[in-house]
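Chemist: Given next are the chains, with one letter for each unit.
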Amino acid sequence: MKRLAVMLMFAGVCVGSEPAAPLPSASIYQLDAALTNQDGRTHGLGVYRGHPVLITMFYASCPAVCPLIIDTLRATEKELTPAQRADLRVLLISIDPERDSVAALRTLADQRRIDTSRWSLVRAESAEVRTIAALLNVQYRQLPNGDFNHSTVITLLSPQGEIETTSTRLGTPDPQLVSQLR
Amino acid sequence: MRRAARMACLLAGVACAHSAWAAQPATELAAIPGGTFDTILPPAEKLKVATVRPFRMDRRTVSNADFARFVSERPEWRRDRVARVFADESYLNHWQSHNAPGAGIEAQPVTQVSWFAAKAYCEARNARLPTWYEWEFVSAASASAADARTDPQWRQTILEWYARPATEALPPAGSTAPNYYGVRDMHGVVWEWVLDLGSMMVSADNREQGDPDVKRFCGTGALSLEQKDNYAMLMRIATLSSMQANYTSSTMGFRCVTGPEATP
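Protein chains in written order, with my numbering: chain A, 116 to 297; chain B, 72 to 335.
Just to be clear, a hint being listed does not mean it is correct.
Rough simulated footprint, nothing fancy, chain A against chain B, three-plus residues with beta-carbon under 8 Å [said to hold, decoys possible]:
{"hint": "1", "region": "111 to 120"}
{"hint": "2", "region": "152 to 160"}
{"hint": "3", "region": "173 to 182"}
{"hint": "4", "region": "202 to 209"}
Label pairs and their calculated CB-CB ranges [to be verified]:
{"hint": "5", "chain 1": "A", "residue 1": "Asp154", "chain 2": "B", "residue 2": "Glu194", "range": "22 to 30 Å"}
{"hint": "6", "chain 1": "A", "residue 1": "Ser232", "chain 2": "B", "residue 2": "Asn164", "range": "44 to 52 Å"}
{"hint": "7", "chain 1": "A", "residue 1": "Lys193", "chain 2": "B", "residue 2": "Gln315", "range": "27 to 35 Å"}
{"hint": "8", "chain 1": "B", "residue 1": "Trp232", "chain 2": "A", "residue 2": "Ala242", "range": "41 to 49 Å"}
Here's a subset of chain A near chain B, in silico, CB distances under 10 Å, partners left out [as the list claims (entries may be wrong)]:
{"hint": "9", "residue": "Leu195"}
{"hint": "10", "residue": "Ser241"}
{"hint": "11", "residue": "Arg245"}
{"hint": "12", "residue": "Thr246"}
{"hint": "13", "residue": "Ala249"}
{"hint": "14", "residue": "Arg256"}
{"hint": "15", "residue": "Leu258"}
{"hint": "16", "residue": "Pro259"}
{"hint": "17", "residue": "Asn264"}
{"hint": "18", "residue": "Ser273"}
{"hint": "19", "residue": "Pro274"}
{"hint": "20", "residue": "Thr280"}
Hints in this document: simulated from the structure, not taken from any laboratory. All C-beta atoms, glycine included, are put in the ideal place defined by N, C-alpha and C.
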């Protein structure tokens, strides 16, 4: 056991990973969550730590508003310079873990030609979805027919995961969000 | 059940010390049969009933002493260590110190805990917070009837609680009379967190009733409430829907349940 620990320590040194600075108290990355992306890779909520992140919640089978969320995120990105855009990350978290399998997320990513080098569609277990929604102040409710009612909130996170601003505007980029990103 | 937990501890060896207290629920849980009932919060338009599956519920609210044991096992939930994102500044600030409630309040229901903290407490006990429908289902019971909501005398009893000054000290957890299921403290003590806090999509503004704010809500919009003469329950909904998950309040406590979560 001890030998394993020592080996792990060396492994840490070898890849040159610096000890991460402690997260701010108001960072949502304080949550220890397991998310799985459209490629089946599992990571934490802070996967994009170090970058500004637009984070929102959606579900893949949503008929009307959720496609609009992706459109709005894209339109927001378009307002930025190429350098700003290259630094930005986008995280879409499903509120429907039952239907949004990794395959369903992959299909949506392909259909919408999502650049998964900077964007991620992710799922989590339902207890974690609730906690993430609470952190982002997203309200959602499953309807008897399996669809969801949910509030649409696009949140800008600082590189350390603090909420900088939120927007409920859909369709066109929110000027406040854009000015924060610039 | 308890024996099974102890067996698991013996097998797990070292891990046992960490979960020792978690194997002992604050109280023996009451069995709730579940069923379909008229809800104040309709699941969908034209659907005014909700169904809950059988589950087990704490017979009383979680006390300061219970929560102190949790905090000593999980120091990240101490008031001097908790991340601000999970609990606001007044989190447990009525306690004498970061790990002790102080003399006289150990038996009282714990309050000034956030939804995140309450959820973590229940999960550490291998339990969870009740959903709103589960809570509402049990709260409909008087001492003698499973659903006493149309009993004017019982309604009056509940309403009298709201007339009591908020400065009065909280009674000990579990000191109110048991209801039909043997569950105490459902009324007259504290508000209680529910698991699906974020699903109480009640419009903050009454004028929006019947005119769903489609900008805020994707889908059919804000819920409209039923039983508009049931003031006690309406107040509870209003209180819950005004709380964010990291807020704390001197009148907001919680209890846990076990069992599979009901889907709508």
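Chemist: Honestly, which of those hints from before does the structure not fit?
Modeler: Violated hints (numbers, rising): 3, 4, 8, 9, 18, 19, 20; every other hint is consistent with the structure.
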